[in-house]
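Visitor: Residue strings, one per chain:
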Amino acid sequence: MHGYALVREVEALAGEAPQVATLYRTLDRLASDGLVAEHSSEVVDGRFRRRYELTDAGRRRLSEEASRRAATAKTATRRLRAGGWSVAGAGGVA
Amino acid sequence: VNELESRYRTLFVAYPWSYRREREDEMVATLLDGARPGQLRPDRREAAAILVHGIRCRFAASVELRTGVQIGGLVSLLAAVQMVAVSACSGVNPVGSAMRWAPAPTGFRLAAWAVAAMGLFAGTCRRLGPWRFAFVATALPMVAAGAHLAGASREELSAFYGFAAASLLAAGTRVWVRVACMGAGAAWGGAVYLYATSTMPGGVRWPSWLDPGIPTLRNSWLVLAVCVVGVVLAVIRTRFVVAAAVVAAAVAFAQLCTTTLGNPAAFTIVGAVLLAMFWALHALRADPVTT
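Protein chains in written order, with the numbering used here: chain A, 1 to 94; chain B, 1001 to 1291.
There may be inaccurate statements among the hints.
Claimed, not checked - Listed next, with one range per pair, are the computed distances between beta-carbon atoms:
no.	chain 1	residue 1	chain 2	residue 2	range
1	A	29	B	1006	28 to 36 Å
2	A	72	B	1038	26 to 34 Å
3	A	61	B	1044	30 to 38 Å
Stated by the list, open to error - Coverage of chain A stretches by chain B, computed from C-beta distances (three or more under 8 Å per stretch; other residues unrestricted):
no.	region
4	15-28
5	45-56
As the list claims (entries may be wrong) - Sample of chain B residues lacking proximity to chain A, with all beta carbon distances greater than 12 Å (derived):
no.	residue
6	1003
7	1006
8	1010
9	1017
10	1029
These are calculated hints, taken from the structure and not from any lab test.
From the three backbone atoms N, C-alpha and C, an ideal C-beta is built for every residue, glycine too.
Start from the sequences, fold in the hints, and give me the full structure.
Guide: Pasting the structure below:
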């Protein structure tokens, strides 16, 4: 996935497009941690594009993170439905 | 190259040169991919992010470079201490024009400077890899011992600090290579020291075309102007040759200091100023991609 595709992907996931400089800062960090690697590069319509892919370690980390967040969301949803949380009144958050 | 691309590329001056070489085309392409139709100016938040990230990259100095600067700074400091100590022992004002040391033959001094220049040049050559530090480590003590022990003028001593600063910029490689090279450099410097102190024949002056002459107020302002230009150049670009321009400014500044103050305290001040410049250049040279 190349830079602009990543911008769109993050926008779809988070609801807001990241700044390009921020995206590349993150990519630099992920690459130095060995979670992302350069896959290929090409020039399309006179513009240089580099494609990145997740490494095995990156895929594992993402999977763990996704599972962790899914579990958190599931717990939160369950408690919300059970009426365990109340944001109004003196009870506050349980 | 359209207007928007050109403006984005202008913003990339905030980044270190090597980061630009590695990433600029790709990042500009991504920015252009996301541009609105007909957009002529960079988005303000995007521009701010580019500038901030660029400056962060510059200051995210590598451990390697930091170590190189520290070692180099120490070497310069030791050289300054040694110089003052030698002068004190011999009763000679270190910034006085009349040194009690009998100067070495012109041929020897020119050879010392030639070796130093070649060492520095080789030190800047990236193709030599880690071994470029060997050349730098050879050049440093060569100039230190060759210049001030063989009857250096104030200008030569100032130039030594400039060489030292330039060499530091070229330094920055594996620790064991650095330590080994410093050892070899120290041995070489010691040999030059022994030669200079044991075989000092009659006095020789620099050839007139090399002699900077007596500094005047006008020279000093010129020197100060060179400093300013060098610093500005270093801020907008960080290729080595331009960083070397700042080093040249440091040399000029050192000369200005020694000229203006004209006493041994000047060396302390010059040393402090140059060490401060090392650290400033250290930040400007911050290079997270290649180091």
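Visitor: Now look at each hint and say whether the structure bears it out.
Guide: Going down the list of hints, with the structure as the test:
Distance hint for residue 29 of chain A and residue 1006 of chain B: a CB-CB separation of about 29 Å, consistent with the stated range 28 to 36 Å. Distance hint check: the CB atoms of residue 72 of chain A and residue 1038 of chain B are about 43 Å apart, inconsistent with the given range 26 to 34 Å. Range check, residue 61 of chain A to residue 1044 of chain B: about 34 Å between beta-carbon atoms, so the 30 to 38 Å window is met. Check on the region 15-28 of chain A: 9 of its residues sit with their Cβ under 8 Å from a Cβ of chain B, so the three-residue criterion for coverage holds.
Counting residues of the region 45-56 of chain A whose CB falls under 8 Å from any CB of chain B gives 4; the rule of at least 3 is met. In this structure residue 1003 of chain B is separated from chain A by more than 12 Å, as the shortest Cβ-Cβ distance comes to about 15 Å. At the 12 Å boundary, the C-beta of residue 1006 of chain B stays outside the reach of chain A, the nearest C-beta of that chain being 14 Å off. Interface exclusion of residue 1010 of chain B from chain A stands, the closest Cβ pair being 14 Å apart, more than 12 Å.
Every beta carbon of chain A lies more than 12 Å from that of residue 1017 of chain B, the smallest distance being close to 16 Å; the non-interface claim holds. Look at residue 1029 of chain B: its CB is around 4 Å from the nearest CB on chain A, not clear of 12 Å, so calling it non-interface is violated.
In the structure shown, a violation is registered for the earlier hints numbered 2, 10, in ascending order.
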